[in-house]
Amino acid sequence: MSGMPSMPGAAASATGSPVAVAGDAVSIDNFAFAPATLSIRAGGTVTWTNRDEEPHTVAATDGSFHSPGMGTGATYSHAFPTAGTFDYVCSIHPMMHGTVVVTG
Amino acid sequence: MTDPDTMTRRQLIRHSAWFGAAVGLAVAGGEVISHVAGTAAAERAHVRPTLRFAQLSDSHIGFTGAPNPDVTGTFGRAIDRVNNLGYTPDFVIHTGDLTHLATPDQFDQVKQMLSTLRTPHVFAVPGEHDSVDDAGQKYRSVFGAGTRGDGWYSFDVAGVHVIALVNTLNLKKLGHLGVDQLDFVHKDVARLSSDTPVIVFSHIPLFAMYPDWGWGTDDAAQVLSYLSRFSSVTCLNGHVHQLFTKTEGNVTFYSGTTTAYPLPRPGDAPAPKPVTLPAGKLRDALGIREVNYTRGRSALALKESTLQ
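Protein sequences appear in the order of chains A and B. Plus 6 on top of the position in the first sequence (first one is 1) and you've got our numbering. Plus 1 on top of the position in the second sequence (first one is 1) and you've got our numbering.
Partner residues aside, some chain B positions facing chain A, computed with beta carbon under 10 Å:
1) T65
2) P68
3) L102
4) T104
5) S132
6) V133
7) L172
8) K173
9) P271
10) A272
11) P273
12) K274
Think of the hints as simulated: they come from the structure by calculation, not from any bench. Given the structure is predicted, the values throughout are model-derived calculations rather than measurements. Every residue gets a Cβ at the ideal spot worked out from N, C-alpha and C, and that includes glycine.
Isolated chain B, as found in the complex (with noise of 0.2 Å):
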């Protein structure tokens, strides 16, 4: 990886303004690069936004292997990082893979870790390693209180709805919903008005980033039928391990990073296998992301930071 070009992009992206509705997101080469279409961006950095929250995800507490040596360090890393943003977010979401094996130790500790966030709220979604012999049953015992079903919820806040799901159980091949989730979601939204922004929180992405590899939701089309109505719907996901995003109509996904070990991009290996990276590299590979929403936009605003 001797990519000259690798130090302008990494400089480009922790220096870079708020991403918005005037800043586009591309893969190129592997790498996630901005692009600013004008000066609105530097101009909206200044209003205050309505509603300010981070993301973390896939903290994978006890892998250990070359790929990562030490996922507490990081994820405390992690965690310090969004408590010194200069602000307070209104709350903070894990995106899943909380643990790797979700045993009773490895569920103690990543909770006491994410309550030393700084953030009134802490709210979580289950990965299929949170979940691998008893159907989140552990899971939701330390992260279930209020929730509903197998771990599903929505709530109100600053104006947005968001729509926490579970997609992580009942696997085939891909993440999969099933019909009481969906009849949750239908009613959930019923009575919103269609100016409404919808933000959505799911572990496996709700569109299909590579199913091959599982990287899709086998029932998300019927999901995405209840928000279509919707101006706005940003659905945002882990498990992949890697930021991309992809625009469908109204809906926006964005895959976020981890703050464990990078998984190769799609089909780039045989399989999804943890990547292990020269000396130096791993925290680039790591992340948080902030996310912005001001009231009177459509689009919300994301920014994302790599744990170097």
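Chain A extracted, bound-state conformation (with noise of 0.2 Å):
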């Protein structure tokens, strides 16, 4: 799957995967953030759907960004406006990862 190319919306095939994937939408589903990580240009907002049973949040590692308990179909929303590497946890399930690359 390394050599196809990644499109925005491709999400749930990138589960747990290191490689980045452009878009705007993670889906949490299974305990899992999908896309694992996901790439977006400087200025953009990353919209998260939690997709389960169980409530989750999405937490920055820094501090920087932190959802309220999410319910089932429940979306949170965070602007990006600098490039960097932000990681995040489920403050409920912190063995749940994910990333967001902002590209300048």
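From these two lone chains plus the hints, build me the complex, please.
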């Protein structure tokens, strides 16, 4: 699959993959962020959607952003004005890891 | 789930005498079964314990879903069970995940329900569901009176020293205590003689039950080192929604069950997602725990009861 061009919206196949997938949407399903690593241009906004029965959160490791508890179907959006790499976890299930790579 | 042994095991648990020094717990085929190693347990049942308390855990008030469409009803049933033990427990401890999403309404509801317990004292420690988005501020505004730091505390009752820990904040992967809390425990136990029985409550296990799912505490070894000189240390936790026990030297760990919904056994599923059981089976997976301490005996006695 590494030979395939990454496409926005092709999120489901990227679970657990270190390859950054371009796009602005992250799905939370089966206790995982998909894509696990998302790339977005500076100034863009990422929206997370919880598709699990369990609540989840999106919490930056550096504390720069933190969603409220997201029930089933809830969404959370955060804007990334500057370039950088932002690691985050679900603060309820911190074994769930994700990364947003913001390109300049 | 048509295991022909199920009913036998269930009845064994329901009718068993107190689990104590003479009774071991083992997990076989996913079910907790008891082994009575002699008649000592029956004899001991006639001695009035020095301390009696009950443990409730993981009520998840606010959860909705097929695994349990009525978590309020099952938590109410658990409270009824505690109120009808035939004696008044010296206190009741709730070992966390009182609420599902830490909303003010959920905290109000669980507090009101806990106030119907017939006991002089109700204690709690927070679960990670109780500190979803505010590092536990709402939890402490409801349950934090008289606590230290981020909500930890200790007290002495009937010659037993009880420590209630908060290991659900600042999580990286596993449960976490942090240096302030470790320092609190270090100083807290310094004055105690080594024959003082110690009971430790936490939400997340203090032993490595299944680290891949976060079922452990990254700095637990430090706190346990402060307790290594004590002859009897009993750690009671919630979080994992199932019974499990493990002994390491002077310390025995007991994971408790839930009043809300079961979780898979470690590694039995890709993720610790709530399990939907066949109709009629849920209450067998839910329960309450009674704990007895009798002066002069090193081991505490535990009794697990289902909500069936």
